[in-house]
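Q: Please put together the full structure from these sequences, using the hints given.
Take full-length UniProt numbering: the last position of the sequence shown gets the number 166, and nothing is skipped along the way.
Note that these hints are calculated values from the structure, not bench results.
Each hint should be verified, as a subset may be incorrect.
Listed below are the simulated DSS-like cross-link pairs for lysine-lysine, each with C-alpha atoms no more than 27 Å apart in a straight line [what the hints assert, rightly or not]:
hint, residue 1, residue 2
1, Lys6, Lys119
2, Lys45, Lys119
3, Lys45, Lys124
4, Lys124, Lys39
5, Lys127, Lys45
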Amino acid sequence: MGSIIKLIDAALFLYFIIIAFAVPLIDGQAILPPDLYPKFLVELKSWFFEYIDHYLVFEMPHFYVGITWFELLFQWPVSLLCVYAFAAGKSWFNTTSLIYGSSFLASLAAILAELIGSKRASDKLLKFYYPFVGFAVLSFARGLLPYSGKSSAIGKRPVLNRKKMA
Numbered sequence: 001m002g003s004i005i006k007l008i009d010a011a012l013f014l015y016f017i018i019i020a021f022a023v024p025l026i027d028g029q030a031i032l033p034p035d036l037y038p039k040f041l042v043e044l045k046s047w048f049f050e051y052i053d054h055y056l057v058f059e060m061p062h063f064y065v066g067i068t069w070f071e072l073l074f075q076w077p078v079s080l081l082c083v084y085a086f087a088a089g090k091s092w093f094n095t096t097s098l099i100y101g102s103s104f105l106a107s108l109a110a111i112l113a114e115l116i117g118s119k120r121a122s123d124k125l126l127k128f129y130y131p132f133v134g135f136a137v138l139s140f141a142r143g144l145l146p147y148s149g150k151s152s153a154i155g156k157r158p159v160l161n162r163k164k165m166a
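A: Spelled out as structure tokens, the structure:
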């Protein structure tokens with residue numbers, strides 16, 4: 001079980017690193033002023049979303065704008081906490097992973113309900129979102145699994161309490 005958890009942790013760590021850069025640089029373009037970004041990033045985002053025919057990015061319905069703000073203001077900082085918790089071996093990685101996974105899964109449920117329900121989504125667009133569902137479920141599930149890192153503070157009493165007890 002330990003090696004499976006380590007494999008899941010490695011996959012999630014790589015995913016959270018990618019999210020740490022992609023959310024502010026790519027997703028942020030949907031709601032922040034375009035002059036904040038270099039021209040090549042704006043062109044890259046436009047090219048990619050045209051390629052997968054991401055109609056939500058171009059039409060910007062209100063629910064999608066709200067989800068994008070939620071992603072930038074809540075989910076992105078939690079993903080940064082996940083990167084830090086994993087890299088520093090913090091025991092609260094499970095908690096941040098659970099929080100991220102559950103909030104991201106809820107956001108994806110709303111987006112996928114629109115994409116599938118409207119019957120306007122291309123196969124490319126749906127295939128773009130399915131791996132994210134997998135990582136959201138993986139992050140959620142990882143939050144429910146036992147902590148695999150080692151922390152010197154876990155299970156030890158502070159030095160002052162040991163002296164009083166003796």
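Q: Indicate, hint by hint, whether the structure satisfies it.
A: Right, here's what the structure says about each hint:
1. Distance check on the hinted pair: lysine 6 and lysine 119 sit about 39 Å apart at the alpha-carbon level, beyond 27 Å; violated.
2. Among the hinted pairs, lysine 45 with lysine 119 is consistent with the structure: their alpha-carbon atoms are about 23 Å apart, no more than 27 Å.
3. With a CA separation close to 15 Å, the supplied pair lysine 45 and lysine 124 stays within the 27 Å bound.
4. Pair hint lysine 124 plus lysine 39 holds up; C-alpha atoms about 25 Å apart against a cutoff of 27 Å.
5. Distance check on the hinted pair: lysine 127 and lysine 45 sit about 17 Å apart at the alpha-carbon level, within 27 Å; holds.
Going through the hint list in order, the structure does not satisfy hint 1, though it satisfies all others.
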